[in-house]
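Chains as they are written, first to last, in the working numbering: chain P, 1 to 322; chain R, 1 to 676; chain Z, 1 to 196.
In case anyone wonders, no lab produced these hints; they're calculated from the structure.
Quick list of in silico lysine-lysine cross-link-like pairs, DSS-like style, CA-CA up to 27 angstroms: (1) R/Lys239 x R/Lys186; (2) P/Lys300 x R/Lys261; (3) Z/Lys190 x P/Lys89.
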Amino acid sequence: MKYGYYPGCSMERNAIAYHHSTMAVAGALDIELQEVEDWNCCGATEYFSLELLPAYALVGRNLALAANQSVNGNQLIAPCSACFLNLAKTDHYMSTSPDLADQVNEALAAGGLHYDPGSVKVRHLLDIVVNDVGFPAIAEKVTKPLYNLRVAPYYGCLIVRPGTQKSFDDPEYPTTMDTLMQTLGAEVVDFPLKAHCCGGHMTQISENVALEMIRRLLKNAADYEADVIVTLCPMCQLNLDAYQDSVNKLFGTNFNIPILYFTQLMGLAFGMRAVELGFGKEFVSATLALTKIGAEPPPKPKKKRPAKGELPMPAMPEEDNQ
Amino acid sequence: MSKEKIGVYVCHCGTNISGTVDVEEVSKWAGENLEKDGVVVSRDYKFMCSSLGQELIEADIKEQGLTRVVVAACSPHLHEQTFRTAVKRADLNPYLCEMVSIREQVSWVHTDKKIATEKSKSVIAGGVKRVAFHEELEPLQVPINEATLVVGGGIAGIQAALEIADSGFPVYMVEREPSIGGHMAKFDKTFPTLDCAACILTPKMVSVGDHPHINMYTYSEVEKVDGYVGNFTVTIRKKARYVDTDVCTGCGICEEKCPQKVIDDIFEAGLGYRKAVYRPFPQAVPKYPVIDTDNCIYFQRGKCKACQIFCPTEPNSIDFEQQDEIIEITVGNIILATGYDLFDARRVPQYGYGRLANVFTSLEFERMCNAAGPTNGEVVLRDGVTTPEAVAIVHCVGSRDRNYNNYCSVICCMQSLKFAHLVKERTGAEVYNFYIDMRTPFKDYDEFYQKVLEEGAHFIRGRVAEITDAARMPGEEGKLIIQAEDTLIGKQRRIPVDMVVLSAGLESRADAKEVAHKFGISCSTDEWFIEKHPKLDPVATMTEGVFIAGACQGPKDIPASVAQGAAAAARVLSRIQSKELALEPVRASVIEEKCSGCRICNNLCPFNAIIFHEDRMVTEINPALCQGCGTCVAACPSEAITGTQFSNEQILAQLEGLLMLDVEGGLVSMLEPEMA
Amino acid sequence: MATDPAAMRARAPTFFDEVVANTPGNPRLEMCIQCGTCGGSCPSGPDMDHTPRALFAMIEAGMKDAVLRSNSPWYCVSCYYCMVRCPQEVHITDLMYTLKRMAIQEGLYQESSAATAPEFSETFIDFVENYGRSFELGLATRYHLRHNPMGAMKMATSLGLGMLRKGRMELNPKRIKGIAQLKTILTKAKEIGGAA
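Can you build the whole structure from these sequences, using the hints too?
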């Protein structure tokens with residue numbers, strides 16, 4: 001399967017681990033990612049705060065370049081949630097507002113480019129892994145299941161909200177990465193704050209506010225006894241990982257939870273070596289946590305008999321999967 | 001030169017029409033330019049619908065011997081009846097009066113006065129040319145069968161059935177659950193009087209069960225409806241109870257001895273259990289249990305039969321061989337009172353229902369408070385034993401929300417106040433109500449709010465954003481946190497509580513659309529049944545003979561449901577008393593000689609009014625069911641179907657008139673009448 | 001027709017009109033029923049001087065000065081919880097971006113407690129406009145040294161060095177080949193105007 005690929009600025013350095021593991025996993029799953037030629041920064045959450053049209057034009061250049069390359073029905077994959085949102089949002093607003101589309105195209109024309117809204121389908125990397133490759137195909141590639149590893153899937157915000165692509169996953173309670181981790185053999189820790197915000201660039205604006213937001217997430221994952229937190233966005237990974245020490249210092253906590261990318265765990269489960277997958281780049285080392293991976297899956301907990309007088313809970317759809 | 005004598009009357013409608021249309025000019029134009037089409041008098045008047053306006057028409061008919069009348073005014077929906085009656089008073093057949101709308105279709109939609117005036121002339125010309133082809137018609141009289149079908153045994157259906165039956169006419173009541181009573185039977189107390197729901201409901205239920213004029217079919221559903229107003233043939237499937245109701249005494253031993261416990265999703269809202277052979281609640285009417293074959297050990301695995309073994313009656317009341325019964329009845333009118341479903345709170349993941357143990361829905365909480373419920377009326381947590389110290393009650397769950405249901409569910413604010421009162425009464429816990437607005441409009445409702453304020457419940461004006469167990473600080477551990485903005489202070493607050501009750505909204509029944517289709521009525525976009533007019537006719541539908549009452553028409557409380565049930569009954573009784581119903585003769589009919597039997601029209605009728613005669617290979621249209629929509633008329637390739645009041649001649653004539661002028665007032669070349 | 005809404009609105013645009021006009025698509029700000037879901041959902045809500053809901057009430061009341069001086073838009077982390085949960089489908093996050101832009105245009109953000117936030121964005125974008133890619137080291141040095149030298153020193157030793165040591169930060173900015181093309185496009189975009 002071939003896709004257009006928009007790596008985003010972080011993949012080159014900050015999220016180099018994500019980059020290595022994505023390439024390794026893509027190879028194993030026969031996914032060919034063709035990078036958009038000479039792409040530019042998507043502007044993150046910064047440009048929209050300054051000027052509207054230049055912000056759209058900045059993203060528009062990438063969409064125009066991607067459209068010109070037309071790989072696999074003009075699908076464009078972004079591994080970073082913020083890049084994904086910017087690309088999807090620009091395409092969406094250009095589609096629904098012809099005036100905006102005209103203005104953006106007028107700007108693009110000055111650089112000899114043009115973009116027809118709707119001609120590129122923007123998708124997140126997780127989306128193609130779970131939907132196009134599919135869980136059965138992934139299960140087939142698993143040679144070293146991550147038994148015993150308690151993994152807390154952390155989605156962050158921008159992959160599921162605001163949902164210009166409504167079909168991907170639930171904006172409040174996403175589960176695709178949970179199922180992915182289960183497919184890899186791990187113990188999934190369904191912690192309630194899995195789609196809450198990591199703070200984004202708040203670390204630079206008001207550090208205390210940001211550290212509090214990060215603390216909440218780490219505390220919740222720790223309360224649920226997660227061994228690792230798995231992410232799908234470089235910003236989330238950076239905040240939870242690089243600032244974990246600052247959180248501990250400010251709040252007197254002692255969190256020690258490695259923050260990994262989902263592609264890294266996929267690679268491990270596929271039997272690849274940790275060094276190929278960017279391990280070692282994280283601030284909070286994953287080495288200790290990875291030793292927990294066992295050869296056998298843990299025994300399934302016995303279904304508890306309801307205590308006398310206990311009232312039944314409503315049936316939930318997830319129960320059918322177990 | 002037409003042989004008819006046509007009177008044209010153009011209404012000013014105050015300034016509604018005359019503000020945009022030059023009414024005097026139009027009237028003058030009609031008198032001069034439509035003379036060859038038969039117009040002998042053309043007048044304009046301030047309010048044609050007034051007595052004086054009507055008298056103008058009547059006088060002209062008598063004095064000038066008018067044979068046709070055209071009134072140019074508002075929409076026929078409003079005053080067609082008025083003018084037809086006026087014309088009738090002057091001894092002219094009412095169907096020789098044609099009304100054209102120059103208000104809704106001209107003055108209310110155009111701002112350019114010139115265009116509006118020219119268009120009015122065209123519209124009137126169309127009316128004048130058409131009315132020449134009108135025929136004298138008489139309304140169709142259909143006889144009304146005295147029996148009535150009431151679908152749904154909730155409070156609205158019960159009220160309707162009792163009113164009709166008390167008047168001495170037979171009623172058939174069909175209810176899909178094993179007992180009548182509906183949602184009201186599940187409640188503990190009702191607002192604002194705090195009456196015990198069962199105490200006020202069960203007397204009515206018993207009256208229905210004992211009533212000599214009511215035939216109750218419980219655990220039954222309507223399969224098919226044929227026929228038309230006054231003469232419906234209804235097929236009912238009476239599902240097998242596997243209990244012989246001629247013998248069963250309702251002693252309840254079978255239920256006691258049954259070893260199979262099942263979660264009761266319907267009556268106990270999933271909070272409690274029942275047996276595989278069960279009665280939904282102790283005061284069930286009728287008293288006979290049913291066997292739930294999906295969970296019965298005998299039906300699933302061939303073992304047990306404890307119910308049969310222990311049944312004391314002679315002969316045995318348990319009959320495993322019982323079959324569904326198909327019953328056909330004939331009724332004259334139908335009242336649908338099928339009620340509502342509760343909004344599924346699992347659709348709002350951020351409220352945690354289904355994942356957080358101590359989040360409950362309103363119906364679950366009602367069952368909890370009910371003395372005959374799973375906790376014997378005690379307010380406790382999901383563990384069944386712990387009394388909560390702080391309870392949050394959340395308004396507007398799934399209502400007033402474009403992400404779920406746009407509308408307000410009407411009863412939730414009052415219900416939430418009731419819950420606050422019940423919690424206070426039974427536990428002394430702190431109560432927090434989270435609301436957007438307080439909706440307490442009816443009699444004694446705001447006084448009830450005052451009462452709950454006096455009891456010390458806390459009211460926070462802020463729609464709940466999240467309910468979570470993710471503690472941020474020590475005081476939150478082990479609690480459910482309600483996160484909401486207290487908008488009256490302007491600050492986000494996190495309130496730790498032990499228990500949350502979600503006032504979930506009301507939705508139409510899951511099968512509302514199929515039911516509507518079965519009975520020949522329509523649903524709105526929210527899938528509530530559509531009434532004939534939301535202000536002036538809330539219990540009738542566009543289908544003659546089918547009425548709606550209660551929550552199936554839209555969310556409402558018990559007093560409103562009772563009122564609607566009684567209203568529907570009154571409408572039905574008036575039909576029964578008149579013995580005959582006059583139907584509009586605007587109907588399609590098949591010219592048999594032209595019908596080729598192709599049957600293209602057969603499946604097109606939205607009112608199931610078309611019958612095909614296999615023996616003669618021709619189609620016939622049932623005049624009582626036909627609503628004159630014209631679909632079949634248009635579809636027939638042989639032009640074998642014609643509509644009274646919508647014949648080809650009438651339509652073509654009207655087109656001729658409409659196309660007489662262009663908007664500048666110039667003459668368009670006249671069209672050949674034979675254009676198709 | 002007797003009542004013509006277009007005629008009634010033929011008056012000078014209000015602050016409310018300005019905010020709506022500067023937001024892409026139809027933000028539905030007039031549909032706000034002040035329910036407070038946004039203020040209740042916001043992760044940085046407790047730290048804002050006005051919750052998003054309060055801000056919208058102030059916009060409706062025409063309090064331009066107070067709104068654009070507020071720190072609220074700068075504390076918005078773009079998590080979109082508010083927008084996804086809003087029962088009236090108001091495009092709250094998009095409106096927050098609009099308020100940021102307007103606050104910069106009018107220069108009113110200076111007095112809010114997030115006064116440095118716009119400069120962070122400006123510094124970030126400065127690199128993007130000149131290189132086509134973001135440049136964290138440059139951004140951090142320029143921004144933090146200017147506003148928070150002591151804090152910058154502290155961060156440099158722990159976080160900054162850590163990032164460099166792990167090879168997670170570029171020492172030099174990367175430049176795209178088509179930087180001239182990008183610059184032309186952005187200049188044209190600024191010329192056409194900031195609003196949709």
